[in-house]
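Following this note's numbering, the numbering of the sequence shown begins with 1 at its first residue and continues without gaps.
Think of the hints as simulated: they come from the structure by calculation, not from any bench.
Among the clues, some could well be false.
[What the hints assert, rightly or not] Calculated pairs, EDC-like style, for lysine to aspartate or glutamate (alpha carbon to alpha carbon, straight line, at most 20 angstroms):
1) LYS88 / GLU122
2) LYS159 / GLU122
3) LYS20 / ASP47
4) LYS159 / ASP192
5) LYS194 / GLU204
6) LYS194 / ASP145
7) LYS148 / GLU109
8) LYS194 / GLU227
9) LYS148 / ASP192
10) LYS88 / GLU77
11) LYS88 / ASP49
12) LYS148 / GLU211
13) LYS88 / ASP69
14) LYS148 / GLU166
15) LYS148 / ASP49
16) LYS194 / GLU211
17) LYS167 / GLU108
18) LYS167 / GLU191
19) LYS221 / GLU108
20) LYS95 / GLU57
21) LYS221 / ASP69
22) LYS194 / GLU224
23) LYS159 / ASP69
24) LYS105 / ASP47
25) LYS20 / ASP49
26) LYS167 / GLU211
27) LYS159 / GLU191
28) LYS167 / GLU224
29) LYS221 / GLU211
30) LYS194 / GLU77
31) LYS159 / GLU198
32) LYS95 / GLU109
33) LYS194 / GLU166
34) LYS221 / GLU204
35) LYS148 / GLU205
36) LYS159 / GLU121
37) LYS20 / GLU109
38) LYS95 / GLU121
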Amino acid sequence: MIGLYSDHSQGDAALVTSFKISGFTCPACGSVFDARTVTSITHQGQDSDFLPHYLGENPLPYFLVQCPDCNFSAYPEDYAGPEIAQQKVSVPTIKRILSLPICRKIPEEALKFFIAGKIYEETGRNPYHIGNLYLRGSWCCRIHDNRKAEIEMQQMAVKFLRLSVEKSTINNPDNLPVVTYLIGELYRRLEDRKAAREWFSAVEEVLIDQEQQWILELTQKQAELNEHFIN
1 MIGLYSDHSQ GDAALVTSFK ISGFTCPACG SVFDARTVTS ITHQGQDSDF
51 LPHYLGENPL PYFLVQCPDC NFSAYPEDYA GPEIAQQKVS VPTIKRILSL
101 PICRKIPEEA LKFFIAGKIY EETGRNPYHI GNLYLRGSWC CRIHDNRKAE
151 IEMQQMAVKF LRLSVEKSTI NNPDNLPVVT YLIGELYRRL EDRKAAREWF
201 SAVEEVLIDQ EQQWILELTQ KQAELNEHFI N
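Please model the entire structure based on the sequences and the hints provided.
Below is the structure:
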């Protein structure tokens with residue numbers, strides 16, 4: 001799975017997003033189809049919740065593969081993954097997800113991440129990865145200037161990212177201070193100053209690697225904005 005916080009830029013030689021066409025078989029309805037997937041990206045800078053500033057075509061919609069027949073959505077590797085195979089997601093389940101009111105409000109690109117997040121919930125996946133999906137969905141909403149939908153996706157993202165910290169489901173310990181910061185930043189963006197303050201203050205407590213001082217500096221900057229009501 002593509003990491004949340006890693007820098008995937010490919011250097012000066014590849015200043016565009018590149019793709020390939022791959023074949024897939026939908027694990028929900030059995031349809032066979034081709035889809036565009038990402039092979040390389042480049043970005044320069046990012047927002048304070050880690051939305052990369054991509055150079056070239058926006059790759060976000062293509063991080064997921066969506067079945068054209070039943071709308072099953074997941075990462076490319078999930079199409080052959082054991083979690084999906086063991087707990088088959090049915091077409092009626094996807095239809096139920098699509099009937100939820102939020103699906104009529106959010107941009108099409110964000111909807112793919114919402115569906116994938118709900119499928120991950122249905123199949124009992126790691127809350128960290130569920131939160132990752134909803135976060136990316138919120139990024140899609142921001143790109144489309146849909147603040148109301150962005151808020152709803154941020155609320156779902158922070159719920160599962162918080163759960164991943166509380167249940168210790170983050171496999172890489174280096175990610176713990178980053179996720180702790182991110183939870184605080186999402187609360188700040190949601191204008192919950194108290195919760196933002198609590199999570200920002202916890203970052204230093206979980207920081208182990210001194211090479212991660214950058215996250216401490218970013219936390220201090222955003223915590224100051226939080227105290228001054230600056231969004």
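Quick rundown of the hints versus the structure:
For a cut-off of 20 angstroms, the pair hint linking LYS88 to GLU122 stands: about 10 angstroms separates their Cα positions. For the given pair, LYS159 sits about 16 angstroms from GLU122 by alpha-carbon distance, which is consistent with the 20 angstroms threshold. A threshold of 20 angstroms between alpha carbons decides the hint, and for LYS20 with ASP47 the separation of about 27 angstroms lies outside it, so the pair is violated. Of the pairs offered as hints, the one joining LYS159 and ASP192 holds, with about 13 angstroms between alpha carbons and a cut-off of 20 angstroms not exceeded.
Proposed proximity of LYS194 and GLU204 is supported: the alpha carbons are some 17 angstroms apart, at most 20 angstroms. Of the pairs offered as hints, the one joining LYS194 and ASP145 is violated, with about 26 angstroms between alpha carbons and a cut-off of 20 angstroms exceeded. The hinted pair formed by LYS148 and GLU109 meets the criterion: a straight-line CA distance of about 15 angstroms does not exceed 20 angstroms. The straight-line distance between the Cα atoms of LYS194 and GLU227 is roughly 9 angstroms, inside the 20 angstroms bound, and the hint therefore holds.
Taking the CA atoms of LYS148 and ASP192, the gap is about 16 angstroms. The hint holds against a cut of 20 angstroms. About 15 angstroms separates the Cα atoms of LYS88 and GLU77, which keeps this hinted pair within 20 angstroms; it holds. About 33 angstroms separates the Cα atoms of LYS88 and ASP49, which puts this hinted pair outside 20 angstroms; it is violated. Between LYS148 and GLU211, the direct Cα distance comes to roughly 37 angstroms. Violation of the 20 angstroms bound is thereby established for this hinted pair.
Restraint check: the Cα-Cα separation between LYS88 and ASP69 comes to about 16 angstroms, which is no more than 20 angstroms; the hinted pair holds. For a cut-off of 20 angstroms, the pair hint linking LYS148 to GLU166 is broken: about 27 angstroms separates their Cα positions. With a C-alpha separation of about 17 angstroms, the suggested pairing of LYS148 with ASP49 holds against the 20 angstroms cut-off. The straight-line distance between the Cα atoms of LYS194 and GLU211 is roughly 28 angstroms, outside the 20 angstroms bound, and the hint therefore fails.
Our distance criterion of 20 angstroms between C-alpha atoms is broken by LYS167 and GLU108, whose separation comes to about 32 angstroms. Note on LYS167 and GLU191: the hinted pairing is violated, with a Cα-Cα distance of about 25 angstroms set against a maximum of 20 angstroms. Only pairs whose Cα atoms come within 20 angstroms are accepted, and LYS221 paired with GLU108 is rejected, the gap being roughly 33 angstroms. Straight-line distance between C-alpha atoms of LYS95 and GLU57 comes to about 30 angstroms, which puts the hinted pair past the 20 angstroms bound.
As the CA atoms of LYS221 and ASP69 are separated by approximately 46 angstroms, the hinted pair breaks the 20 angstroms bound. Among the hinted pairs, LYS194 with GLU224 is consistent with the structure: their alpha-carbon atoms are about 13 angstroms apart, no more than 20 angstroms. This hinted pair does not check out: LYS159 and ASP69 have alpha carbons roughly 30 angstroms apart, beyond 20 angstroms. As the CA atoms of LYS105 and ASP47 are separated by approximately 23 angstroms, the hinted pair breaks the 20 angstroms bound.
Taking the CA atoms of LYS20 and ASP49, the gap is near 28 angstroms; set against the 20 angstroms cutoff, the hint is violated. The suggested pairing of LYS167 with GLU211 is violated, with an alpha-carbon distance near 25 angstroms, which exceeds 20 angstroms. Distance restraint check for LYS159 and GLU191: the Cα-Cα separation of roughly 15 angstroms lies within the 20 angstroms cut-off, and the hinted pair is therefore satisfied. Restraint check: the Cα-Cα separation between LYS167 and GLU224 comes to about 28 angstroms, which exceeds 20 angstroms; the hinted pair is violated.
Proposed proximity of LYS221 and GLU211 is supported: the alpha carbons are some 18 angstroms apart, at most 20 angstroms. Taken as a hint, the LYS194 and GLU77 pair is broken in the structure, with Cα atoms around 39 angstroms apart against an allowance of 20 angstroms. A C-alpha spacing of about 15 angstroms is found between LYS159 and GLU198, which places the hinted pair at or below 20 angstroms, so the restraint holds. A distance of roughly 18 angstroms separates the Cα atoms of LYS95 and GLU109; the hinted pair therefore holds under the 20 angstroms criterion.
As the CA atoms of LYS194 and GLU166 are separated by approximately 18 angstroms, the hinted pair is consistent with the 20 angstroms bound. Taking the CA atoms of LYS221 and GLU204, the gap is near 13 angstroms; set against the 20 angstroms cutoff, the hint holds. A hinted pair counts as satisfied when its Cα atoms are at most 20 angstroms apart, and LYS148 with GLU205 does not qualify at roughly 33 angstroms. At most 20 angstroms may separate the alpha-carbon atoms for a hinted pair to count; LYS159 and GLU121 meet this at roughly 12 angstroms.
Of the supplied pair hints, the one linking LYS20 and GLU109 holds, its CA atoms being roughly 19 angstroms apart against a limit of 20 angstroms. For a cut-off of 20 angstroms, the pair hint linking LYS95 to GLU121 stands: about 15 angstroms separates their Cα positions.
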